[in-house]
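Sequences and hints are given; from them, build the entire structure.
First to last, the sequence lines map onto chains E and S. Note that the numbering used here has the first sequence beginning at 1, numbered continuously upward. Note that the numbering used here has the second sequence beginning at 170, numbered continuously upward.
Among the clues, some could well be false.
Pairwise CB distance ranges, derived in the manner of DEER restraints [stated by the list, open to error]: (1) Lys199/S x Gln58/E: 53 to 61 Å; (2) Arg245/S x Leu90/E: 57 to 65 Å; (3) Thr155/E x Ser200/S: 51 to 59 Å; (4) Pro12/E x Val314/S: 28 to 36 Å; (5) His63/E x Ser200/S: 52 to 60 Å; (6) Asp203/S x Ile72/E: 44 to 52 Å; (7) Asn128/E x Asp203/S: 31 to 39 Å; (8) His63/E x Glu248/S: 35 to 43 Å.
With a Cα cut of at most 30 Å, we get these calculated DSS-like pairs of lysine-lysine [stated by the list, open to error]: (9) Lys223/S x Lys153/E; (10) Lys204/S x Lys237/S; (11) Lys237/S x Lys358/S; (12) Lys107/E x Lys223/S; (13) Lys223/S x Lys191/S; (14) Lys107/E x Lys61/E; (15) Lys223/S x Lys199/S; (16) Lys223/S x Lys26/E; (17) Lys191/S x Lys258/S; (18) Lys199/S x Lys258/S; (19) Lys361/S x Lys191/S; (20) Lys157/E x Lys223/S.
The set of hints was computed from the structure by calculation and includes no laboratory data. Glycine is no exception: its CB is placed at the ideal position from the N, C-alpha and C atoms.
Chain by chain, the residues run as shown.
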Amino acid sequence: MDSGATFENQKPPSSFSVMCVAVIGKNVSGELDHDDALKQIIGQNNPLFIRPFSTRHQELKFHYCCHTACDIIEERVAPGSKNMDLYLGLLYCLEDLAVYGFMTNTKIKFVIVISMTDSSIKDIEMKNLFRRIHNQYIALVNNPFYELESLPKITSKRFHTAIDTMVLG
Amino acid sequence: MQGNPNSNNRSTAALPSGQRAKQTGEDIWKSRTDKINAELFTLTYGSLVAQLVKDYEDYIEVNAQLDKMGYNMGCRLIEDFIAKSGMTKCGSFVETADVISKIGFKMYLGITPTITNVSPDGKEFSLVFEENPLAEFVELPDEAVRELWYSNVLCGVLRGALEMVLLQVECQFVSDVLRGDESTEMKVKLVKVLDEEVPAADE
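This is how it looks when you write it as structure tokens:
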């Protein structure tokens with residue numbers, strides 16, 4: 001089995017502190033031409049998981065951050081652009097917060113909000129963090145009882161614990 | 170008997186000791202079985218269980234269905250097992266346990282559950298699974314935690330396979346890490362040894 005999908009004993013990032021981790025659903029609408037199930041691929045950029053780690057800011061602020069992040073992400077991956085990378089880098093800055101994004105092939109978006117520090121953030125560290133979140137998301141989706149389309153929120157305890165461990169150590 | 174454990178000598182005259190059983194199991198796993206991608210296998214079984222849950226909506230019934238399916242599999246699997254492993258009769262039920270764990274499970278799932286809690290009369294034992302390839306990534310929904318035995322198909326497989334070699338057993342899970350227990354344990358109990366029955370004469 002891919003050991004990346006299990007808990008990794010890595011320390012939380014040391015050069016910056018993560019304020020919030022969010023997973024946002026896809027933004028697609030369309031109907032499948034099936035006769036059996038009335039299936040619609042629905043997604044309205046709904047927040048599947050928003051986990052703030054900061055006491056200084058209200059949770060609502062992070063909801064707003066993610067909302068804005070969605071717009072920026074859509075701009076970045078507009079059909080005309082040549083960007084093929086999953087990692088989207090720094091999306092934008094808001095007061096003292098920096099927002100980074102990552103979009104999977106299935107249009108699920110991960111957003112990390114960090115408090116800006118003076119030291120520069122290495123790309124490789126952010127990519128590392130996103131990769132770990134991605135692995136946890138894969139483990140979540142592999143659970144046969146997790147319903148992809150209908151659940152409004154991610155309630156899996158394992159996912160929550162894993163994200164907490166990743167950030168807080 | 171100084172047989173080379175790596176030889177393909179299928180006519181095992183002597184019954185294997187624990188070490189030889191382990192060796193046989195590993196040999197067969199390494200060389201004589203086709204492999205399949207683990208995620209594909211896990212997802213297949215997972216979608217099977219999830220669909221059963223949706224169809225029956227009653228976890229006890231799902232357990233029963235998994236057991237039935239396992240029973241059908243076990244009845245057929247035993248032929249393949251005997252052909253590949255060349256096993257002959259076991260001397261005791263405890264030896265059967267050893268063969269099940271070190272050769273049977275090793276051949277088909279690549280795992281060797283530990284044998285524990287052997288009863289004094291040798292008619293019961295428990296298999297403790299440290300890892301369970303069927304249940305990777307699985308998290309049971311809250312309603313299922315108290316009632317569903319996710320890997321119940323394994324109980325059916327053992328029951329079916331052993332019945333074909335004339336051992337009637339009862340198998341059931343007593344704990345499961347998916348339920349929050351500390352370990353995954355299956356209890357196997359020998360009910361009776363079936364004799365070959367003379368078919369009833371036609372009247």
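Hint-by-hint comparison with the structure:
| no. | hint | in the structure |
| --- | --- | --- |
| 1 | Lys199/S x Gln58/E: 53 to 61 Å | holds, 58 Å |
| 2 | Arg245/S x Leu90/E: 57 to 65 Å | holds, 58 Å |
| 3 | Thr155/E x Ser200/S: 51 to 59 Å | violated, 45 Å |
| 4 | Pro12/E x Val314/S: 28 to 36 Å | holds, 31 Å |
| 5 | His63/E x Ser200/S: 52 to 60 Å | holds, 57 Å |
| 6 | Asp203/S x Ile72/E: 44 to 52 Å | holds, 49 Å |
| 7 | Asn128/E x Asp203/S: 31 to 39 Å | holds, 36 Å |
| 8 | His63/E x Glu248/S: 35 to 43 Å | violated, 60 Å |
| 9 | Lys223/S x Lys153/E | holds, 20 Å |
| 10 | Lys204/S x Lys237/S | holds, 25 Å |
| 11 | Lys237/S x Lys358/S | holds, 18 Å |
| 12 | Lys107/E x Lys223/S | holds, 27 Å |
| 13 | Lys223/S x Lys191/S | violated, 40 Å |
| 14 | Lys107/E x Lys61/E | holds, 23 Å |
| 15 | Lys223/S x Lys199/S | violated, 37 Å |
| 16 | Lys223/S x Lys26/E | holds, 25 Å |
| 17 | Lys191/S x Lys258/S | holds, 17 Å |
| 18 | Lys199/S x Lys258/S | holds, 24 Å |
| 19 | Lys361/S x Lys191/S | holds, 27 Å |
| 20 | Lys157/E x Lys223/S | holds, 22 Å |
Hints 3, 8, 13 and 15 from the list above are not met by this structure, while the remaining hints are.
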